[in-house]
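Asks: Chains L and G supply the protein sequences, listed in that same order. If you're matching positions, the first sequence starts at 26 in our numbering and goes up one per residue. If you're matching positions, the second sequence starts at 26 in our numbering and goes up one per residue.
The hints are simulated quantities; they were obtained by calculation from the structure and are not laboratory data. Treat the hints with caution; some may be incorrect.
Identical chains share a label here; the pair holds if one copy fits it or two copies do between them.
Simulated pairs of lysine-lysine, BS3-like, Cα-Cα distance not exceeding 27 Å [unchecked claim]: (1) Lys111 x Lys27; (2) Lys32 x Lys138; (3) Lys27 x Lys172; (4) Lys58 x Lys146; (5) Lys172 x Lys32; (6) Lys127 x Lys146; (7) Lys58 x Lys172; (8) Lys58 x Lys32; (9) Lys111 x Lys179.
2 protein chains.
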Amino acid sequence: MKIRSVKSSDYYAISPLINEWWGGRQMSDMLPKLFFDHFNNTSFIAEEDGHIIGFLIEFLSQSNSDVAYIHFVGVNPVYRKNHIGKQLYNNFFNVIRENNRKVVRAVTSPVNKVSIAYHTKMGFSIENGDIEIDGVPVVSNYDGPNKDRVLFVKNVD
Amino acid sequence: MKIRSVKSSDYYAISPLINEWWGGRQMSDMLPKLFFDHFNNTSFIAEEDGHIIGFLIEFLSQSNSDVAYIHFVGVNPVYRKNHIGKQLYNNFFNVIRENNRKVVRAVTSPVNKVSIAYHTKMGFSIENGDIEIDGVPVVSNYDGPNKDRVLFVKNVD
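Hey, can you work out the whole structure from these sequences and the hints?
Replies: Put into structure tokens, the structure is as follows:
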């Protein structure tokens, strides 16, 4: 497996995969092409035999110089349990240390139990919410009406 | 009218307005809260009597140090023709000059004739496309299947 930086043209390979990898949820609209054009230097692709099997799209907050934000991270379900996510995260943590970022943030939907379990395992804390779903603190309507979100935060050493 | 920087909490005032201001098109999903959290210093709000009547959400490309990108610009239809967009753009052009950006990019849908006319009037050029719609060059499937886009570019003096 090879990890490399994202290129603009990767958008056209990744976008059609997203809804499939997210178990049929309509997710691709949340990752428009601009993320592949303007955040290449903090975003990574995992490839095996020339096929994309995972990706991580992340950026450095422009207005909060301590913070980095993970927008999307996905691994082909067939390749899960192979530490691909972990290797993508390692590349990303190297980049944020180089850029002196102290805090990493990410959000996910309460239905995304895989993401909640994964971020918790990776040492992220969950921020306080106004409601609780299946024992997880959730901020209701965070990303608009009926778009509840779980908010993750991790301090970087 | 007052122009000020965007705050995170503006998201909850602006998001419900977007579909209305865009003539009923489903647009609010394209502007998640992250843009109000991490790009405050290049994004602006126009207010009148404490009400938001326009906004511009923009960021500096992180991987292309010459480029700034306009993600969203909207003015309450009731207040159009009052040069609100122009004042928002002026604030934004000041910021990009301060940050030594030479090129501004933006994309829009071919159906958004107001946006095409406005960007053209503001001195943006339209990049070559693979198709043409109503005489305008368009890149087909630019933002995914059936999501054709008009690509604007403007060099900043």
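Asks: If a hint holds in the structure, say so; if it does not, say that too.
Replies: Do the hints match the structure? See the list:
1. Lys111 x Lys27: within (13 Å within a copy, 47 Å between copies)
2. Lys32 x Lys138: neither (29 Å within a copy, 30 Å between copies)
3. Lys27 x Lys172: neither (35 Å within a copy, 31 Å between copies)
4. Lys58 x Lys146: between (30 Å within a copy, 25 Å between copies)
5. Lys172 x Lys32: between (30 Å within a copy, 20 Å between copies)
6. Lys127 x Lys146: within (19 Å within a copy, 43 Å between copies)
7. Lys58 x Lys172: both (22 Å within a copy, 11 Å between copies)
8. Lys58 x Lys32: both (11 Å within a copy, 25 Å between copies)
9. Lys111 x Lys179: within (15 Å within a copy, 40 Å between copies)
Consistency note: the structure conflicts with the earlier hints numbered 2, 3.
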